[in-house]
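Visitor: One letter stands for each residue in the lines below.
There are 2 protein chains.
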Amino acid sequence: MRALKDIGELAAIRRVVKRLPRRTDVVVGAGDDCAVVKARGSRSHDLLLKSDPVIEGIHFKRGAPPAAVGHKALGRVLSDIAAMGGTPCWALLDMVAPSRTPVKVLDGIYAGAIRIAKRYGVAIVGGDMSQGPALEIHAFAVGQIPRGQAVLRSGARPGHVIFATGTLGGSLKEKHLSFEPRLAEGRFLRHWATSMIDISDGLASDLRHLVEASRAGAVLDATQVPVSIAAWRMKGRRSPLEHALFDGEDFELLFTIPQRKVEAFLTAWQKAFELSCTPMGFITARKGAIELVDANQKKTTLKASGFQHFER
Amino acid sequence: MRALKDIGELAAIRRVVKRLPRRTDVVVGAGDDCAVVKARGSRSHDLLLKSDPVIEGIHFKRGAPPAAVGHKALGRVLSDIAAMGGTPCWALLDMVAPSRTPVKVLDGIYAGAIRIAKRYGVAIVGGDMSQGPALEIHAFAVGQIPRGQAVLRSGARPGHVIFATGTLGGSLKEKHLSFEPRLAEGRFLRHWATSMIDISDGLASDLRHLVEASRAGAVLDATQVPVSIAAWRMKGRRSPLEHALFDGEDFELLFTIPQRKVEAFLTAWQKAFELSCTPMGFITARKGAIELVDANQKKTTLKASGFQHFER
Numbered sequence: 476m477r478a479l480k481d482i483g484e485l486a487a488i489r490r491v492v493k494r495l496p497r498r499t500d501v502v503v504g505a506g507d508d509c510a511v512v513k514a515r516g517s518r519s520h521d522l523l524l525k526s527d528p529v530i531e532g533i534h535f536k537r538g539a540p541p542a543a544v545g546h547k548a549l550g551r552v553l554s555d556i557a558a559m560g561g562t563p564c565w566a567l568l569d570m571v572a573p574s575r576t577p578v579k580v581l582d583g584i585y586a587g588a589i590r591i592a593k594r595y596g597v598a599i600v601g602g603d604m605s606q607g608p609a610l611e612i613h614a615f616a617v618g619q620i621p622r623g624q625a626v627l628r629s630g631a632r633p634g635h636v637i638f639a640t641g642t643l644g645g646s647l648k649e650k651h652l653s654f655e656p657r658l659a660e661g662r663f664l665r666h667w668a669t670s671m672i673d674i675s676d677g678l679a680s681d682l683r684h685l686v687e688a689s690r691a692g693a694v695l696d697a698t699q700v701p702v703s704i705a706a707w708r709m710k711g712r713r714s715p716l717e718h719a720l721f722d723g724e725d726f727e728l729l730f731t732i733p734q735r736k737v738e739a740f741l742t743a744w745q746k747a748f749e750l751s752c753t754p755m756g757f758i759t760a761r762k763g764a765i766e767l768v769d770a771n772q773k774k775t776t777l778k779a780s781g782f783q784h785f786e787r
Numbered sequence: 476m477r478a479l480k481d482i483g484e485l486a487a488i489r490r491v492v493k494r495l496p497r498r499t500d501v502v503v504g505a506g507d508d509c510a511v512v513k514a515r516g517s518r519s520h521d522l523l524l525k526s527d528p529v530i531e532g533i534h535f536k537r538g539a540p541p542a543a544v545g546h547k548a549l550g551r552v553l554s555d556i557a558a559m560g561g562t563p564c565w566a567l568l569d570m571v572a573p574s575r576t577p578v579k580v581l582d583g584i585y586a587g588a589i590r591i592a593k594r595y596g597v598a599i600v601g602g603d604m605s606q607g608p609a610l611e612i613h614a615f616a617v618g619q620i621p622r623g624q625a626v627l628r629s630g631a632r633p634g635h636v637i638f639a640t641g642t643l644g645g646s647l648k649e650k651h652l653s654f655e656p657r658l659a660e661g662r663f664l665r666h667w668a669t670s671m672i673d674i675s676d677g678l679a680s681d682l683r684h685l686v687e688a689s690r691a692g693a694v695l696d697a698t699q700v701p702v703s704i705a706a707w708r709m710k711g712r713r714s715p716l717e718h719a720l721f722d723g724e725d726f727e728l729l730f731t732i733p734q735r736k737v738e739a740f741l742t743a744w745q746k747a748f749e750l751s752c753t754p755m756g757f758i759t760a761r762k763g764a765i766e767l768v769d770a771n772q773k774k775t776t777l778k779a780s781g782f783q784h785f786e787r
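Which chain is which? The protein sequence lines are A and B, in order. Each number in the working numbering corresponds to the 1-based position in the first sequence with 475 added. Each number in the working numbering corresponds to the 1-based position in the second sequence with 475 added.
Pulled out of the complex, with its shape left as it was, chain A reads as follows (with noise of 0.2 Å):
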């Protein structure tokens, strides 16, 4: 009998995706950062959806700080809804956990969660606790934006210039549990950007989304991915690139700019932030096609590889 970790998680999802049911008012549906829907008697914005689970052991080992986790809970989808370029608003958090659990672990949850929901002034309007057998925090949160401006994975064309916020590789270091959400960056890029997502799976693997929903393919410059010092950091096997390109959770965005607004765009941002922001590659027509070109010009094809849940 066939299980999970037979078919991935990509597999997974697609099994379901195509049968799931919709609405005339259902703008985007599974299989962007969020989705986005139009809520009764508003035309000025429509809303984001998102949802997203940390889990014990999956995406915090145990012993992680609690407030980083609850940090890291929210952050999470509060990262969704800035790669759309809209504004969280409302947040549900769910909580499992085993009735060992100290009750200064609910505490120190709860006060990560609502540091990060009152620094980007998200309310927390619910939730549901449970007993369960690891802890878990399952995160909802419900953002808004002007009607029809949210940034899709689905508008890159060829020739399109490629860019990433900060730095990459190396999150487990520290920075996937202490990452800020880039909404500022988000809303700001909702007026130049054609096509966002957010860095979860690491950057070949939101690449590759991204140019899969834009039907489109890219080339990379090795020598130009922004690499952050903790990829330099790193022990083991993998090159400092290598880190960049597959660790996940960056929690940076990823975005692509037309070829006539990139100098116009560059200036507007080194303006408005200090982030760094950095070109590093270009959108092409070779559909699903992800090169990789060396400082002497050589050319790799990467593969998908990013996690996946239930992959052996």
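Honestly, the hints are just simulated from the structure, not real lab data. Any given hint could be a false lead.
Treat identical chains as interchangeable: a pair holds within one or across any two.
With a cut-off of at most 30 Å between alpha-carbon atoms, the simulated BS3-like pairs for lysine-lysine come out as follows [claimed, not checked]: (1) Lys480 with Lys710; (2) Lys648 with Lys593; (3) Lys778 with Lys480; (4) Lys593 with Lys493; (5) Lys513 with Lys710; (6) Lys579 with Lys774; (7) Lys536 with Lys493; (8) Lys746 with Lys480; (9) Lys480 with Lys536; (10) Lys513 with Lys593.
Put chain B on the given structure of chain A with help from the hints.
Guide: Just chain B now, with coordinates in the frame of chain A:
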């Protein structure tokens, strides 16, 4: 070091709820069946937000039919939207599963969720799949309701008559996996009920939630509680009435109607629905006291005794 089992679910919830950040567009925050919030630009409708998990070993037994688990996962949150008088529109489903989970379990869960979603016109617009120690579905639903018309737990006043839809008790026999959320009934009750809640923790517990929110008390007529056939068929030490009072997961609606409207209400109800609807007591001014009157007019005080997570 104190653990969750030492304080129980309700104290754990109270501990965090008071600290949760709010916004001016939040009409009702944590503490009712759903949160009620105002979408930007809409003057005609409010949004209802709700999340709830179903967890293997807690909300269903290992080996339960997967389609019934999917049905229950989405049905639970739809029942909460019913209890506000709203219409569910969009849902997200997070699935957690061990990697050994058979693919046909995945298919069955989504088939069950998709069937109930279609029946009530709900679009499933996203969610997440993640590896984890047990099978769980976390459902998040957004409903809509005409502005200001959500029926809260807090509107019951002394003298109002207490009603429940359907029959109660023994849901473990079958109903907890196959119930129908009372959506049409909830929308109808929006025009009649002064307060409403769905019966998920059990009649005694949910009536307690309702009277506490309303800063009132209640008297229940033991001879009028609508005891289900399943409650009569349960084996063990509890009487059928005790099953009706204390078993959870009936997912019927519990609500109050002003005395002067009761006759007109019952006439209208019987025209609209085949489902039974039973008056069984009234609201009192004795804050927090729930009394049960038996056939001999003997009064006993009901203790809080619904299921609480984390308790020993």
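Visitor: Decide, hint by hint, whether the structure agrees.
Guide: Going through the hints against the structure:
Proximity of Lys480 and Lys710 under a CA criterion of 30 Å is satisfied intra-copy only: 28 Å inside one chain copy versus 41 Å between copies. Proximity of Lys648 and Lys593 under a CA criterion of 30 Å is satisfied intra-copy only: 26 Å inside one chain copy versus 45 Å between copies. Only within a single protomer do Lys778 and Lys480 lie at most 30 Å apart by alpha-carbon distance; the minimum there is 20 Å, versus 47 Å between protomers. In the homo-oligomer, the alpha carbons of Lys593 and Lys493 lie at most 30 Å apart only across protomers (14 Å), although the nearest pairing inside one protomer, at 37 Å, exceeds that limit.
Taking CA atoms no more than 30 Å apart as the test, Lys513 paired with Lys710 passes in neither setting, with 48 Å inside one copy and 50 Å between copies. In this assembly of identical chains, Lys579 and Lys774 lie within 30 Å of each other by CA distance neither inside one copy nor across copies; the values are 52 Å within and 41 Å between. For the identical chains of this complex, Lys536 and Lys493 are inter-copy neighbours only, at 29 Å across copies versus 34 Å inside a copy, given an alpha-carbon limit of 30 Å. Neither within a single protomer nor between protomers do Lys746 and Lys480 lie at most 30 Å apart by alpha-carbon distance, with minima of 48 Å and 53 Å respectively.
With identical chains, the CA atoms of Lys480 and Lys536 are at most 30 Å apart both within one copy (22 Å) and between copies (22 Å). In this assembly of identical chains, Lys513 and Lys593 lie within 30 Å of each other by CA distance both inside one copy and across copies; the values are 26 Å within and 19 Å between.
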